[in-house]
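Novice: Read off the chains here:
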Amino acid sequence: MKAADFSYHEAVNLQDAIKIKAQDDEAVILAGGQSLLPALNMRLSSPTCLIDISKISGLNEIKIDGQTLFIGALATHSDVMNNKTVKDNMPCMIDILKMVAHPAIRNKGTHGGSIAYGDPAAELPALAVATNAEIIVSGQNGERSINAKEFYLGLFETAINQDEIVVGIKYPLLKQGQKIVFDEVCRRHGDYAMAGLIANVMGSKNDIKDLKLVFFATGDKPDVADKTARLYLDNGYDYDKLKNSLSSEIDFAGDLNSSSEMKLHLATVLIKKVLSKLEN
Amino acid sequence: MAANNSVNISFTVNGERFNNVNVPSRQHLADYLRSQGFTGTHLGCEQGACGACTIEMDGKAVRSCLVLASQANGTNLKTVEGFDDEMMEKVKQNFLKHNAFQCGFCSPGMLMTTKEILLNKKKLTRDEIRSEISGNYCRCTGYQSIVDAIEECINEIN
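Protein chains in written order, with the numbering used here: chain A, 152 to 431; chain B, 5 to 162.
Accuracy of the hints is not assured; some may be wrong.
[To be verified] With a straight-line cut-off of 27 Å between C-alpha atoms, the simulated DSSO-like cross-links for lysine-lysine are: (1) A/Lys235 / B/Lys96; (2) A/Lys249 / B/Lys101; (3) A/Lys153 / B/Lys126; (4) B/Lys125 / A/Lys249; (5) A/Lys153 / B/Lys125; (6) B/Lys64 / A/Lys214; (7) A/Lys153 / A/Lys300; (8) B/Lys126 / A/Lys206.
[As the list claims (entries may be wrong)] According to the in silico footprint, chain A covers these stretches of chain B (three or more CB under 8 Å from chain A): (9) 46-52; (10) 100-111; (11) 134-142.
[As the list claims (entries may be wrong)] Part of the chain B face toward chain A, derived, beta carbon under 8 Å: (12) His32; (13) Leu122; (14) Lys125; (15) Ser149; (16) Glu160; (17) Asn162.
Simulated from the structure, these hints should not be mistaken for lab results.
For glycine and all other residues, C-beta sits at the position ideal for the given N, C-alpha and C.
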C-alpha cells in the first residue's frame with residue numbers, strides 16, 4: 152500500500168505543465184489525486200513522473216459562458232456543490248456529486264480530474280456525455296474542444312494527446328422542458344456504482360419527446376443506449392424487450408461485485424427507476 | 005527518469021512550523037506525519053476508503069493517505085493532537101458520554117469529520133449524519149453511539 156518511486160514536479164503554470172508532459176510520455180497529471188493516489192498506493196499504476204497542477208491559479212473558475220456552464224478543471228467537487236452559479240443553473244450537478252465518494256474526498260477531488268481520468272464507473276464522465284458537454288484541453292498548439300462522446304475511447308482511455316491537459320468543461324444549459332434524472336445502485340453510499348444511469352429527457356413523465364440514456368459502471372466507458380431509448384419511447388417499459396436491447400447495445404463488463412448479467416439486470420431496472428422520477 | 009525523487013517543503017502542523025524539510029516524492033502525508041510523531045493520524049486502508057487518516061488541510065477535511073507529503077507544501081495542517089479548542093473539547097465529552105470511542109481506531113477520523121459537520125452549521129437529521137460520516141468506517145460501535153454523540157453536538161452548538 153505504498154506507491155512506487157516517481158519524480159515529482161510542481162508546475163508553476165499551465166505552460167510549464169504542458170512542457171513537462173510533452174517531454175515525458177510516461178508523465179501523469181496530479182490534480183486532486185483522489186483516484187490517482189489509490190491507484191499508486193495499490194501499485195495499479197506506477198508512472199515515472201507526476202506533474203502536480205493543483206497549485207496553478209485560475210483553473211478553478213466556475214461561470215456562465217454563453218449558453219454553457221463552464222467548470223474549471225481544478226474546481227473541487229465541494230467547490231462545485233457550494234457554488235451559487237451551479238445551484239441556479241444546473242442543480243442536478245449538485246445532486247449527482249452527492250453520489251461521488253464522501254465529503255473529505257470531495258474536498259480534494261477535482262472536476263477536471265474525474266473527467267480526464269475516465270473511470271467507467273464515475274458519474275461525471277456519464278453526465279458530460281448525457282448533456283453533450285465539451286471538454287476543453289490545452290496543449291502546445293493551444294486550446295481545443297472535444298465533444299464528451301468523442302472524448303471517451305475505452306477503459307481509462309481518452310482523446311487527450313500526450314502534450315494536453317484538461318482545463319475545463321462546458322455543459323450546455325438546460326432548455327425549457329429539459330430534465331436530467333439519474334440513479335445508481337451501489338453497495339454503500341459513496342462507493343463506485345455497480346450500475347448507474349443518467350437520462351437526459353425532453354418533456355414530462357407521460358409525454359417524453361426526446362430521451363437520451365447514458366449508463367455508467369456497465370462497460371469500459373460511458374455507454375450511450377440510443378436504440379434502447381427509442382424502444383422505450385415506442386413501447387414504454389417492457390423489462391424483457393429493454394433487457395434484450397441493452398444486451399445488444401452495450402458490452403457489459405462484470406467486476407468483483409457484480410457479474411455482467413447482474414449489471415444488465417440492474418441497468419434495465421434503472422430505466423424504470425430513473426424515469427419514474429420525472430414529474431407529470 | 006532521474007531527479008526530484010525527493011522534495012523540500014514547508015508547512016505548519018498544529019501551529020508548529022516545519023521549514024524546508026526533505027520528503028520522498030512517493031511518501032503520502034499520513035506516513036510523513038506519523039514519522040514526525042503525529043501518530044494520532046491512523047492508517048487503515050491507504051486507499052481512501054476507511055477515513056481513519058482524515059486530517060484538516062487549510063480548514064478542510066482531507067484523507068492524508070490520498071495526499072502526497074510534497075503536496076502539503078505551503079499548507080496549514082491540523083491533526084487530532086491539535087484539537088484543543090472549546091468546541092472540540094465539547095465534542096470529545098459528548099463522544100465519551102455516548103460511548104462513541106471504543107477501540108479508538110476510527111476516532112481521529114470521526115472527530116475530524118464531526119468538526120467539519122459542526123463548522124458547516126447545518127441542522128442535520130440522523131440519516132443526514134449517517135450520510136456525512138459514510139466515509140468513516142467504525143467496526144465496533146455499529147455507528148449508533150457515534151450518531152448519538154454527533155447529534156448532541158449539533159444540538160448544543162446550533
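Novice: Confirm or reject each hint.
Specialist: Consistency of the hints with the structure:
1. A/Lys235 / B/Lys96: Violated. A/Lys235 to B/Lys96 sits at ~34 Å, over the 27 Å cutoff.
2. A/Lys249 / B/Lys101: With Cα atoms ~31 Å apart, A/Lys249 and B/Lys101 exceed 27 Å; violated.
3. A/Lys153 / B/Lys126: violated, 37 Å
4. B/Lys125 / A/Lys249: holds, 18 Å
5. A/Lys153 / B/Lys125: Answer violated: A/Lys153 to B/Lys125 is near 37 Å, above 27 Å.
6. B/Lys64 / A/Lys214: holds, 23 Å
7. A/Lys153 / A/Lys300: With Cα atoms ~35 Å apart, A/Lys153 and A/Lys300 exceed 27 Å; violated.
8. B/Lys126 / A/Lys206: With a Cα-Cα distance of about 30 Å, the restraint between B/Lys126 and A/Lys206 is violated, given a limit of 27 Å.
9. 46-52: holds (count 4)
10. 100-111: violated (count 0)
11. 134-142: holds (count 5)
12. His32: holds, 7 Å
13. Leu122: violated, 13 Å
14. Lys125: Violated, because the Cβ-Cβ distance from B/Lys125 to chain A comes to roughly 13 Å (cut-off 8 Å).
15. Ser149: For B/Ser149, the interface hint is violated, since the closest Cβ of chain A sits about 20 Å away, which is over 8 Å.
16. Glu160: violated, 21 Å
17. Asn162: At about 18 Å, which exceeds the 8 Å cut-off, the nearest Cβ of chain A leaves the hint on B/Asn162 violated.
Of the numbered hints listed earlier, those contradicted by the structure are 1, 2, 3, 5, 7, 8, 10, 13, 14, 15, 16, 17.
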